[in-house]
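Trainee: Protein sequences appear in the order of chains A and B. Per our numbering: the first sequence = residues 1 to 336. Per our numbering: the second sequence = residues 1 to 219.
Simulated from the structure, these hints should not be mistaken for lab results. Since this is a predicted model, take the numbers as computed values, not measurements. Note that beta-carbon positions come from the ideal geometry of N, C-alpha and C, so glycine has one too. Honestly, I wouldn't trust all of these hints.
Unchecked claim - Under 8 Å between C-beta atoms, here's a sample of chain A residues computed to sit facing chain B:
no.	residue
1	R91
2	T92
3	R148
4	G269
5	R270
6	L272
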Amino acid sequence: MITFDDVVKVYPGGGTAVDHVSLEVPTGKTTVFVGPSGCGKTTSLRMINRMISPTSGRVLIDGEDVAGQDEALLRRGIGYVIQHAGLFPHRTVLDNVATVPVLLGKTRREARAAALGLLERVGLAPEFAQRYPAQLSGGQQQRVGVARALAADPPIMLMDEPFSAVDPVVREGLHREFLRLQKDLGKTIAMVTHDIDEAIKLGDLVVIFRQGGIVAQIGTPQELLSDPADEFVAEFVGRDRGLRSLSFDTAAELPVKPVPAELVVDEAGRPLGWRTGADDVRPTGGTFTSADTLRLVADLAILSPVGIAVRVDADGKADGITPHHDLADYLAARRG
Amino acid sequence: MNLSYLFDAAHWDLGASGSIPQLLLSHLWYVILALAIGTVIALPVGLYIGHTGRGSFIAINAGNAGRSLPTLGLLMLMVTLLGLGLLPVLIALTVLVIPPILTSAYAGLRSLDPQVVDAARGVGMRPWQVLTRVELPMALPVLMSGFRSATLQVVATATVAAAVGLGGLGRLLIDGLAVNDYSRVLAGAIVVAVLAVLLDLVLAFAQRWIVSPGLRVSR
Numbered sequence: 001m002i003t004f005d006d007v008v009k010v011y012p013g014g015g016t017a018v019d020h021v022s023l024e025v026p027t028g029k030t031t032v033f034v035g036p037s038g039c040g041k042t043t044s045l046r047m048i049n050r051m052i053s054p055t056s057g058r059v060l061i062d063g064e065d066v067a068g069q070d071e072a073l074l075r076r077g078i079g080y081v082i083q084h085a086g087l088f089p090h091r092t093v094l095d096n097v098a099t100v101p102v103l104l105g106k107t108r109r110e111a112r113a114a115a116l117g118l119l120e121r122v123g124l125a126p127e128f129a130q131r132y133p134a135q136l137s138g139g140q141q142q143r144v145g146v147a148r149a150l151a152a153d154p155p156i157m158l159m160d161e162p163f164s165a166v167d168p169v170v171r172e173g174l175h176r177e178f179l180r181l182q183k184d185l186g187k188t189i190a191m192v193t194h195d196i197d198e199a200i201k202l203g204d205l206v207v208i209f210r211q212g213g214i215v216a217q218i219g220t221p222q223e224l225l226s227d228p229a230d231e232f233v234a235e236f237v238g239r240d241r242g243l244r245s246l247s248f249d250t251a252a253e254l255p256v257k258p259v260p261a262e263l264v265v266d267e268a269g270r271p272l273g274w275r276t277g278a279d280d281v282r283p284t285g286g287t288f289t290s291a292d293t294l295r296l297v298a299d300l301a302i303l304s305p306v307g308i309a310v311r312v313d314a315d316g317k318a319d320g321i322t323p324h325h326d327l328a329d330y331l332a333a334r335r336g
Numbered sequence: 001m002n003l004s005y006l007f008d009a010a011h012w013d014l015g016a017s018g019s020i021p022q023l024l025l026s027h028l029w030y031v032i033l034a035l036a037i038g039t040v041i042a043l044p045v046g047l048y049i050g051h052t053g054r055g056s057f058i059a060i061n062a063g064n065a066g067r068s069l070p071t072l073g074l075l076m077l078m079v080t081l082l083g084l085g086l087l088p089v090l091i092a093l094t095v096l097v098i099p100p101i102l103t104s105a106y107a108g109l110r111s112l113d114p115q116v117v118d119a120a121r122g123v124g125m126r127p128w129q130v131l132t133r134v135e136l137p138m139a140l141p142v143l144m145s146g147f148r149s150a151t152l153q154v155v156a157t158a159t160v161a162a163a164v165g166l167g168g169l170g171r172l173l174i175d176g177l178a179v180n181d182y183s184r185v186l187a188g189a190i191v192v193a194v195l196a197v198l199l200d201l202v203l204a205f206a207q208r209w210i211v212s213p214g215l216r217v218s219r
C-alpha cells in the first residue's frame, strides 16, 4: 500500500503543485489519478519513486517513508512507464526490457532470456527483440515500455499517461491488454491520466484532482458517477454519467415480464423479431442476458422498434422482456 | 610551381632527417597530443555542464572565445613566456581543440530527449549510469562531429610548430617560403590536406563502429 500523508509540494517560483494531499493506493489494485492539467496528479505520482521530493508531508510504501530510502534502489523496485515510453533509442528492444534486471546485477544473458518472455507477455512477437525503438510504432513502443517496467517483477507500477500518445484504436487494444495483464499480475498500480473515461475504465479506485493540487474526491468509478462530491466532480465525470453509471450493475435483479405473442421466435425459442403488422416483423435490435449490464438493457430498450428489451437464457432462448418504463421504474425504486 | 618536390624519392626516405615521412610523423604526433590533452580537459567539463545544466555560459563563451583566438599569436605569446620547445606549441594547439569538443559534448547532452533521460533515472540508474549508459551513447553522433572538426582544425594549424623551430609538415611551408622553393611549399600543403582527409575518414569509420545503429535508423 502506498500512503500519502499530508503531502505538500510548493515550487520555488511560488506555485503550489500539491496541496495537503492524503490518500491511499491499495495493494493489488489500480488507482488512477485524474484531473485537468496543472492539478498536481503527475507531481503526486512522481513523489512515489522520489523523482520529486515533497516540500512537507510523507509518502510511505508499506509504512516505510520513501524519503529514507536509496533513490536508485527504490526506483529499481518500482515499475515506471511514461507517456512516450521513453525507450533508450540506442538499445535494442530486448536490451531495453533487460535494463532493470541488469541494474539489479543479473547477467546480460539471463536478463535477455527473461526479457524475451516478457515481450510475448505484452503481445509482441519475438522478431521485435532485435529491432530498435525508432523502428516501432507508438503502440509497440508503449508495449515495450510496459515490458521494461515489468522486467524485474516489481510489486508496484507507476504509469504516467501511458496510453495518451497513441491513437484511439490502438489505445482501445492497449486498454484491453492492460486489464488482462493486471488481472493476471495483480500489481499495485498508480496511474495518471487526464482522460476520465480511461480512469473509469481502468481504475479500481479513482482520485480526482482539481486545480491547485487539491483532491476533489476519491472513490470507485461507480461512486464518482452516482454520487459526485461537488459540482466540479459532477462536471468533470461528464454529463452522461447517469447512463454510464449503469455499466456497473448487471441485469440479474431486473424484473422481467413473460414473453408476449408479438415476439416471433424460432423452433428453439430464439427471438427473431417483433410482429408489428400482419406481414411486418421487425428485428429486435439485440438481446441481453442476466449477466449483461443495465446500460445494455437501456440501450436495447431505446433501440427496440417497440421500446422493449428482450432477455435470453444461456441457450439464446427468449425468457423475458423489459419495457423501457419497467426499467425506469426499477432504476427509480433502486435509487429510493 | 610543380610537384617535383613531392615526387622526389629522396624526400620520402624515412631515415633522412627532414624527409616527408619524418615530418608527417612529428606532425601527427603534435596532432595526437593536442587532441588527447584537449579531450581530457574539454570532454569531462562539457559532459558535466551538459549533464547538470550548470554553467552553460562557460560552454557557450569558451566556444566563442576559443574560436576567435589567433593560434599563431597565442603561440608567440607562449614562446615569449615559456621559451622554445614543445610545450608552447601544445598549449596553443590544445586551446584550439578545446572549444569544439567542449561545445559538442555540452550540445550533445542538451539535445537529448528529456523523456529518455527521465526514464533512465526512473528505472533506477544512478547519475553516473545515466551519463555513461544513456546520455553518452546517445550524444555520440554530435560528440564525434565535434571531435572530427577539432581534428581537421588541429591538423591544419599544427603547421605553426615549424614557425618556432619545431618539426611537422609546417617545415615544408616555412622552409620552402624562406628559399623561394614553391614546389616544396606545394608538397607541404598537399600532404597536410591528404592527412586531414585520411584522418577524417578514419574517424568516420570509427563513428559508424561506435554509434548504435538504433540512432541511425529512421522510422
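Trainee: Once the shortest beta carbon distance from A:L272 to chain B is found, is it less than 8 Å?
Mentor: Violated - the Cβ of A:L272 stays beyond 8 Å from chain B, reaching only about 52 Å at its closest.
Trainee: Does A:R91 hold up as a contact with chain B if the rule is Cβ-Cβ below 8 Å?
Mentor: It holds, given that the least Cβ distance between A:R91 and chain B is near 6 Å, below 8 Å.
Trainee: Does A:G269 pass the interface hint, meaning its C-beta sits closer than 8 Å to a C-beta of chain B?
Mentor: Violated, because the Cβ-Cβ distance from A:G269 to chain B comes to roughly 56 Å (cut-off 8 Å).
Trainee: Using Cβ atoms only, decide whether A:T92 comes closer than 8 Å to chain B, and label the hint accordingly.
Mentor: At about 7 Å, which falls below the 8 Å cut-off, the nearest Cβ of chain B leaves the hint on A:T92 intact, so it holds.
Trainee: Taking 8 Å as the limit, does the beta-carbon of A:R148 come near enough to a beta-carbon in chain B?
Mentor: holds, 7 Å
Trainee: With a cut-off of 8 Å on the beta carbons, see whether A:R270 makes it to chain B.
Mentor: Violated. Min distance 50 Å.
The structure fails to meet hints 4, 5 and 6 from the earlier list, while all remaining hints are met.
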